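Participant: Sequence:
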Amino acid sequence: MRVFSEVMGEAVELPDKPKRIVSLSPSITETLFEMGLGDRVAGVTVYCHRPPEAMLKPRVAAYTGVLVDRLKGINPDLILTTTGVQRGLINEVKAIAPTYPIPIPVTIYGVLDFVKKVALVVNELDRGEELAIELLRTLTEYAKACPPLRTYVEIEFEEPYTAGAHTYVDSMLRLLGLRNIYGDEPRAYFSLGRGTIEVDLAIYDPKPIGRKRGSEEVVNWLKARGIKARAYLITEGDELAHHGPYLIRVTLRKIAEICNKLH
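Numbering (the working numbering), first residue to last: 1 to 263.
Treat the hints with caution; some may be incorrect.
For lysine-lysine, the following DSSO-like pairs were computed, each having C-alpha atoms within a straight-line distance of at most 30 Å [claimed, not checked]:
id	residue 1	residue 2
1	Lys144	Lys72
2	Lys254	Lys144
3	Lys228	Lys207
4	Lys207	Lys261
5	Lys94	Lys72
6	Lys144	Lys17
Simulated restraints, written as ranges between beta carbons of each label pair [to be verified]:
id	residue 1	residue 2	range
7	Lys228	Glu130	41 to 47 Å
8	Asn220	Glu134	36 to 42 Å
9	Lys254	Met8	33 to 39 Å
10	Ala224	Asn260	38 to 44 Å
Treat the hints as calculated values from the structure; they're not laboratory data. Since we're looking at a predicted model, the values are computed, not measured. The beta-carbon is built from N, C-alpha and C at its ideal position, and this holds for glycine as well.
Input sequences plus hints: build the corresponding full structure.
Facilitator: The structure is reproduced here in structure tokens:
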């Protein structure tokens, strides 16, 4: 089947029923598994750890670099990437197998569209529809579920970043009724200098390897940096950095639960 890619500016010839999919995005990997297509995933990145079964798949890439020989050895019939910093990978891997980039969503509603796009390119529209409807119900259930608490978000990339208005993270907080203290910044993710931050709720999203520290240790570290809050939520890692179904199904619910304890 031929599917036009807005990112690539061209139509891409894709297999009707791909059976050896390589996913270079943790969010795509998670979505494929959630649609019941884990048996068709032939390769993933070192950051694909959700669900746990994904970690049993051959690892062929980091996030911005590919082990070309290992990728070729898998003999994929479809390679799925995302955009952002992964744009540079597209030309490198499309010579190996049909490649389709799925854009990173900028709103929480875009996560539903992301699911549908993954379903489209693997030709599993009914499975994608079922998953999107489930996630839509959760969004509807939790719309304005929280009081308008001042909220600070910090995501651990190579250095700590926070989220501005042009992100699905800010969009999710707005849906819940929370007030992202950087929600008026017309940009995506950006780093901050040192300084005191006083809020009602602070959410910290570490890399999974960093999550080996206990929550109390992380909270004390945040306080020592001047981040003061009435309550702290330390995620299990990469819950906000990734935008698979887990973001809505689990993380959104956790945020709603803790913010309502502050009301």
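Participant: Compare the structure with each hint and give your call.
Facilitator: Hint by hint, here is what the structure shows:
| no. | hint | result |
| --- | --- | --- |
| 1 | Lys144 <-> Lys72 | violated, 48 Å |
| 2 | Lys254 <-> Lys144 | holds, 14 Å |
| 3 | Lys228 <-> Lys207 | holds, 21 Å |
| 4 | Lys207 <-> Lys261 | holds, 26 Å |
| 5 | Lys94 <-> Lys72 | holds, 11 Å |
| 6 | Lys144 <-> Lys17 | violated, 40 Å |
| 7 | Lys228 <-> Glu130: 41 to 47 Å | holds, 43 Å |
| 8 | Asn220 <-> Glu134: 36 to 42 Å | holds, 38 Å |
| 9 | Lys254 <-> Met8: 33 to 39 Å | holds, 36 Å |
| 10 | Ala224 <-> Asn260: 38 to 44 Å | violated, 28 Å |
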